[in-house]
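Asker: Chain by chain, the residues run as shown.
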Amino acid sequence: NAGVTQTPKFQVLKTGQSMTLQCAQDMNHNSMYWYRQDPGMGLRLIYYSASEGTTDKGEVPNGYNVSRLNKREFSLRLESAAPSQTSVYFCASGTGVYYNEQFFGPGTRLTVL
Amino acid sequence: AQSVSQHNHHVILSEAASLELGCNYSYGGTVNLFWYVQYPGQHLQLLLKYFSGDPLVKGIKGFEAEFIKSKFSFNLRKPSVQWSDTAEYFCAVNARGYGGSQGNLIFGKGTKLSVKP
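Those protein sequences? They're chains A and B, same order as listed. Numbering-wise (the working numbering), the first sequence opens with residue 1 and increments by one. Numbering-wise (the working numbering), the second sequence opens with residue 114 and increments by one.
Please keep in mind that the hints were generated in silico from the structure rather than gathered at the bench. All C-beta atoms in this analysis are idealised placements derived from N, C-alpha and C, irrespective of residue type, glycine included. Incorrect hints may appear among the rest.
[Unchecked claim] Examples of chain A residues toward chain B, derived with CB under 8 Å:
1) Pro8
2) Phe10
3) Gln102
[As the list claims (entries may be wrong)] Coverage of chain B stretches by chain A, computed from C-beta distances (three or more under 8 Å per stretch; other residues unrestricted):
4) 158-167
5) 220-229
[Said to hold, decoys possible] Straight line, CA to CA, 30 Å or less: simulated BS3-like cross-link-like pairs of lysine-lysine:
6) Lys57(A) x Lys162(B)
7) Lys174(B) x Lys9(A)
8) Lys229(B) x Lys57(A)
9) Lys174(B) x Lys229(B)
10) Lys222(B) x Lys57(A)
11) Lys229(B) x Lys182(B)
12) Lys162(B) x Lys71(A)
13) Lys182(B) x Lys14(A)
14) Lys222(B) x Lys9(A)
15) Lys14(A) x Lys57(A)
16) Lys162(B) x Lys9(A)
17) Lys9(A) x Lys225(B)
18) Lys57(A) x Lys71(A)
19) Lys222(B) x Lys171(B)
Kindly generate the complete structure, drawing on both the sequences and the hints.
Answerer: As structure tokens, then:
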């Protein structure tokens with residue numbers, strides 16, 4: 001039981017390049033989330049998916065897109081990376097709606113030059 | 114908009130000292146409350162959670178937190194810290210039913226704890 005896995009662990013991009021961050025969970029959770037973590041800012045929600053087939057914007061969605069490929073997988077895409085997107089990205093999956101405990105992946109450290 | 118405040122940005126303690134980290138939230142309705150810990154270079158791990166019932170919640174590694182509804186607070190405590198408790202601690206709130214929330218968590222900005230051996 002791997003929990004929540006993310007690839008890659010590290011990535012360096014040049015401004016304007018695109019990339020997709022992958023996330024998978026094996027806990028049979030319906031909900032999945034993408035956060036970014038910046039120093040002194042805590043975690044901020046980018047996008048979430050309450051169930052397979054649905055996605056919604058979070059607090060900071062600009063510059064990102066997501067795909068809920070199936071119940072296990074939730075990817076985050078940067079179409080044209082900008083230096084402001086340099087951050088650590090965490091994927092999480094959640095146990096429910098009202099009693100929602102979230103489990104986090106190991107993170108992807110992204111640097112945009 | 115709902116918010117979570119953690120009052121201390123960086124706390125420095127010596128081993129065996131007692132710890133209390135403050136957390137306040139702004140939502141007036143029913144909430145679920147969490148404390149997560151992030152050790153250096155690692156992902157977030159759940160320390161403890163409150164859904165309902167006894168407002169004094171015990172978590173892993175000797176941590177506990179008390180939910181005080183009248184003060185909108187959920188402070189984290191540990192009687193005696195160890196060097197291995199050095200980490201960043203995040204308070205998070207799920208404001209149940211707020212704006213059609215799908216169990217989304219609102220995180221505080223975190224408190225870094227440094228424990229001197």
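Asker: For every hint, state whether the structure bears it out.
Answerer: Cross-check of the supplied hints:
1. For Pro8(A), the interface hint is violated, the least distance from its beta-carbon to any beta-carbon of chain B being 15 Å, above 8 Å.
2. Interface hint at Phe10(A): violated, since its Cβ lies 12 Å from the closest Cβ of chain B, which is beyond the 8 Å cut-off.
3. Hint status for Gln102(A) relative to chain B: holds, with the closest Cβ pair at about 6 Å, below 8 Å.
4. Check result for the region 158-167 of chain B against chain A: holds, 4 residues qualifying (beta carbon to beta carbon below 8 Å, three or more required).
5. Here the region 220-229 of chain B counts 4 residues with a CB under 8 Å from a CB of chain A, which clears the bar of 3, and the coverage holds.
6. Taking the CA atoms of Lys57(A) and Lys162(B), the gap is near 25 Å; set against the 30 Å cutoff, the hint holds.
7. With a CA separation close to 28 Å, the supplied pair Lys174(B) and Lys9(A) stays within the 30 Å bound.
8. For a cut-off of 30 Å, the pair hint linking Lys229(B) to Lys57(A) is broken: about 41 Å separates their Cα positions.
9. For the proposed pair Lys174(B) and Lys229(B), the alpha carbon gap of about 18 Å is at most 30 Å, so the pair holds.
10. As the CA atoms of Lys222(B) and Lys57(A) are separated by approximately 20 Å, the hinted pair is consistent with the 30 Å bound.
11. For a cut-off of 30 Å, the pair hint linking Lys229(B) to Lys182(B) is broken: about 33 Å separates their Cα positions.
12. The straight-line distance between the Cα atoms of Lys162(B) and Lys71(A) is roughly 25 Å, inside the 30 Å bound, and the hint therefore holds.
13. Taken as a hint, the Lys182(B) and Lys14(A) pair is broken in the structure, with Cα atoms around 48 Å apart against an allowance of 30 Å.
14. Of the pairs offered as hints, the one joining Lys222(B) and Lys9(A) holds, with about 23 Å between alpha carbons and a cut-off of 30 Å not exceeded.
15. Between Lys14(A) and Lys57(A) the alpha-carbon distance is near 25 Å, which keeps this suggested pair within the 30 Å criterion.
16. A distance of roughly 28 Å separates the Cα atoms of Lys162(B) and Lys9(A); the hinted pair therefore holds under the 30 Å criterion.
17. Proposed proximity of Lys9(A) and Lys225(B) is supported: the alpha carbons are some 23 Å apart, at most 30 Å.
18. Distance hint between Lys57(A) and Lys71(A) is fulfilled; the C-alpha atoms sit about 18 Å from each other, no more than 30 Å.
19. Restraint check: the Cα-Cα separation between Lys222(B) and Lys171(B) comes to about 23 Å, which is no more than 30 Å; the hinted pair holds.
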